[in-house]
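Residues per chain, in single letters:
Number of protein chains: 2
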Amino acid sequence: MIRRAAILSTGDELVTGRIADTNAQWIADRLFEVGIEVVCVLVVGDFPDRLEWAWRQALERADLVISTGGIGPTADDLTTETVARVLGVGLALDEPSAAAMRQFFATRGVDPMPANNLKQAMVPCGAVVLPNRLGTAPGYRATYDGRHLVVLPGVPREMKPMFEGSVLPWLREQRGGEVYLARTFQTFGISESALDELVAGVVDPQAGRLSFRASFPEISVRLVVHGPPEEADARLAVLGERLHARLGEYCYGEGALTMEEATGRALREHGLTLALAESCTGGLIAHRVTNVPGSSAYFLGSIAAYANAAKQALLGVPADVLATHGAVSEATACAMALGARRAFDSTLALATTGIAGPTGGTPDKPVGTVCFALASADGVRSVTYRLWGTREWVKLLASQVALDMIRRYALGLPPHDPALFRRR
Amino acid sequence: MIRRAAILSTGDELVTGRIADTNAQWIADRLFEVGIEVVCVLVVGDFPDRLEWAWRQALERADLVISTGGIGPTADDLTTETVARVLGVGLALDEPSAAAMRQFFATRGVDPMPANNLKQAMVPCGAVVLPNRLGTAPGYRATYDGRHLVVLPGVPREMKPMFEGSVLPWLREQRGGEVYLARTFQTFGISESALDELVAGVVDPQAGRLSFRASFPEISVRLVVHGPPEEADARLAVLGERLHARLGEYCYGEGALTMEEATGRALREHGLTLALAESCTGGLIAHRVTNVPGSSAYFLGSIAAYANAAKQALLGVPADVLATHGAVSEATACAMALGARRAFDSTLALATTGIAGPTGGTPDKPVGTVCFALASADGVRSVTYRLWGTREWVKLLASQVALDMIRRYALGLPPHDPALFRRR
Numbered sequence: 025m026i027r028r029a030a031i032l033s034t035g036d037e038l039v040t041g042r043i044a045d046t047n048a049q050w051i052a053d054r055l056f057e058v059g060i061e062v063v064c065v066l067v068v069g070d071f072p073d074r075l076e077w078a079w080r081q082a083l084e085r086a087d088l089v090i091s092t093g094g095i096g097p098t099a100d101d102l103t104t105e106t107v108a109r110v111l112g113v114g115l116a117l118d119e120p121s122a123a124a125m126r127q128f129f130a131t132r133g134v135d136p137m138p139a140n141n142l143k144q145a146m147v148p149c150g151a152v153v154l155p156n157r158l159g160t161a162p163g164y165r166a167t168y169d170g171r172h173l174v175v176l177p178g179v180p181r182e183m184k185p186m187f188e189g190s191v192l193p194w195l196r197e198q199r200g201g202e203v204y205l206a207r208t209f210q211t212f213g214i215s216e217s218a219l220d221e222l223v224a225g226v227v228d229p230q231a232g233r234l235s236f237r238a239s240f241p242e243i244s245v246r247l248v249v250h251g252p253p254e255e256a257d258a259r260l261a262v263l264g265e266r267l268h269a270r271l272g273e274y275c276y277g278e279g280a281l282t283m284e285e286a287t288g289r290a291l292r293e294h295g296l297t298l299a300l301a302e303s304c305t306g307g308l309i310a311h312r313v314t315n316v317p318g319s320s321a322y323f324l325g326s327i328a329a330y331a332n333a334a335k336q337a338l339l340g341v342p343a344d345v346l347a348t349h350g351a352v353s354e355a356t357a358c359a360m361a362l363g364a365r366r367a368f369d370s371t372l373a374l375a376t377t378g379i380a381g382p383t384g385g386t387p388d389k390p391v392g393t394v395c396f397a398l399a400s401a402d403g404v405r406s407v408t409y410r411l412w413g414t415r416e417w418v419k420l421l422a423s424q425v426a427l428d429m430i431r432r433y434a435l436g437l438p439p440h441d442p443a444l445f446r447r448r
Numbered sequence: 025m026i027r028r029a030a031i032l033s034t035g036d037e038l039v040t041g042r043i044a045d046t047n048a049q050w051i052a053d054r055l056f057e058v059g060i061e062v063v064c065v066l067v068v069g070d071f072p073d074r075l076e077w078a079w080r081q082a083l084e085r086a087d088l089v090i091s092t093g094g095i096g097p098t099a100d101d102l103t104t105e106t107v108a109r110v111l112g113v114g115l116a117l118d119e120p121s122a123a124a125m126r127q128f129f130a131t132r133g134v135d136p137m138p139a140n141n142l143k144q145a146m147v148p149c150g151a152v153v154l155p156n157r158l159g160t161a162p163g164y165r166a167t168y169d170g171r172h173l174v175v176l177p178g179v180p181r182e183m184k185p186m187f188e189g190s191v192l193p194w195l196r197e198q199r200g201g202e203v204y205l206a207r208t209f210q211t212f213g214i215s216e217s218a219l220d221e222l223v224a225g226v227v228d229p230q231a232g233r234l235s236f237r238a239s240f241p242e243i244s245v246r247l248v249v250h251g252p253p254e255e256a257d258a259r260l261a262v263l264g265e266r267l268h269a270r271l272g273e274y275c276y277g278e279g280a281l282t283m284e285e286a287t288g289r290a291l292r293e294h295g296l297t298l299a300l301a302e303s304c305t306g307g308l309i310a311h312r313v314t315n316v317p318g319s320s321a322y323f324l325g326s327i328a329a330y331a332n333a334a335k336q337a338l339l340g341v342p343a344d345v346l347a348t349h350g351a352v353s354e355a356t357a358c359a360m361a362l363g364a365r366r367a368f369d370s371t372l373a374l375a376t377t378g379i380a381g382p383t384g385g386t387p388d389k390p391v392g393t394v395c396f397a398l399a400s401a402d403g404v405r406s407v408t409y410r411l412w413g414t415r416e417w418v419k420l421l422a423s424q425v426a427l428d429m430i431r432r433y434a435l436g437l438p439p440h441d442p443a444l445f446r447r448r
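If you read the protein sequences in the order shown, they are chains A and B.
Those letters in the first sequence? Residues 25 to 448, by this note's numbering.
Those letters in the second sequence? Residues 25 to 448, by this note's numbering.
Since no wrong hints were added, every one of them can be taken at face value.
Sample of chain B residues at the chain A side, in silico, Cβ under 8 Å:
1) V39
2) R42
3) A44
4) A48
5) F56
6) C64
7) G96
8) P97
9) T98
10) L158
11) L308
12) H311
13) A367
14) R415
A few chain A positions that, by computed beta-carbon distances, are all more than 10 Å from chain B:
15) R109
16) F128
17) G150
18) V179
19) R181
20) K184
21) W194
22) R199
23) A261
24) R270
25) G279
26) R289
27) A347
28) E354
29) L435
Keep in mind the hints are simulated off the structure, nothing from the lab.
Quick reminder that beta carbons are idealized off the backbone N, C-alpha and C, glycines included.
Generate the whole structure from the sequences, applying the supplied hints.
This is the structure we're talking about:
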């Protein structure tokens, strides 16, 4: 049974920084779904010795090697000859592939086809050819002495359908009885180390594996279990609920849910409409809210009142509030929220005003100081956070705090305590 | 002299397909600029044996190993102990890092700091600590028996400034007499293949190397030359000017300049102020404009009028314009731009209205249809683009077109022809 895979990505463009190796991520994700563990990803440029090293290492450490790239027609495409050398097998012309290639060129008016293309129809003896519907280079898979290898093109739009059409079904067969199952919980408002302490002891390492992923300001917690289907399923349900309960109010959703989606869902479910008055976040909250398809059902609009004159003219912030408390104050935030609620005639309105930096801070109100206010039929409430980091980071954190504030209000949860929200 | 590097990326999230290894690409790109060749990238999950294997292989194949990830506070952060084991060096507490960490937590009201954080201040004996201005985990570099290693955090926003601030200058010193010099030009409004044709023949491959990088919608063109400092410097100047001239109006700036910075610079230089009326872009243009420090000097604010009622009430779009032409029309865009200019009393106002998708398209106005209008003392002009892709993509492209429209107006350049802006 195949348990461990190595992914091998070949191409100068990968080691000179021109493109990111998104193929490896995509393949790793698919392998995870069928319960095959990726022990390593190896990336090398188009050099015979480096490619040979990578293949030897990969075959030694895994029982399945999946390679992308290096099977085109040019001289720097070295994958197939390296496979043949490393495994000591010969090459043979795959006649159907050669015929398909000639056909491909003939229909494009190129006849005879350039000779170097024939190289792409040479595959290791005994290999099963995987047809390429979108390009000229076929892929192949082979098994020698119990070691499996899959060779795919590097172009993602050719590689992906080949993997899904020809490789995945074969892998599922190989896997036999065991499955890997996962649940992911999204959290906000707690640092990664505090989260680590919070969930300590919830999952016995023998029964399941926990991993964190900080795509800050969101941190997700993923639980993975494996075993025979029914047993794994039952274990995932029990451990998942236990983990979910421990995460408590820090967990805003499960799966690939974003904060703006969770907030939108809460607004929609409770029949609320939203308006915004943004100063320091400068449109970012509105941008995130409107990234969710269908947000026009609950989002009415936003006024980004960057200049004080705009705060007065468009949001009705009284001049004396600005003069007495300053633009960055809870009093101004409250007046902005009330003004936005009035201007858009929404059920809820949220306002932000703060100092995103890098300049503009004072000892009293350092860079990162952000005041929030939420106006509703219940009146207006406000809070001040001390955020940190670069300008873009302060904006991002502030937008996250704002969305969470809206979500919590819509769901009837207590407000988040700013003191709990610390840098990790 | 350092010639060959290995990049080592650590983290379960990389081998389970949760994220792509963008760090490796970014680092490879920087190393390319200083003329260091990447012989391999190794990616492994958080397992002691796999990490050890990766470190041994990397140290064997390269004279510089750059590692990201695995230096956080949690139990699955194993990089430093692996380095110590593989190289046979002890660990020591870096007092300044520990003090900075305590300070960090104290200013956030966490005192004493959680004990597991102290682990992050343990570094191999003899290592030079690289401060982390944006997180708690410091990085470090060390040299043992002529083998160099650099250990960095995995979070890109912490890793990148650390690399640029502390690693790159050190690498440049190591490179000795020959220098690699680069100039990068940012372009917009032309496809990558059209760009490739445009610059064909401008640079003799013996004298310099050209590479493109599509971080779409922006495509940058990089010119790299190498040789003795003065010679390389002179060659870069000559070839750079030749390339710049060929790129013409497609080039909006040089270096790491973003479109919002170029636009802001143009507004500031010509003493113009800007207001926005955003419908389909939903706040994204305002967000990008306000990402630029000091944007309050020219940016007055934005009204994201998502609901038609808001377009009428806040921007004064006449009901009959909406009824006759529809919300997605140049007539509505013009009324929005004029309304925003009036509301904010700005010299320029730009409006967007369109169909970001995935639903809402019609045969006449398919998803991706976006109308733009620019109001100024000269009156109002409008244009319609047919954009493409996902919802977020349409928003991003539309924001880019809008910023470029503002920039061109401010600089007195002719408007961009929508027909030239095609999907690559």
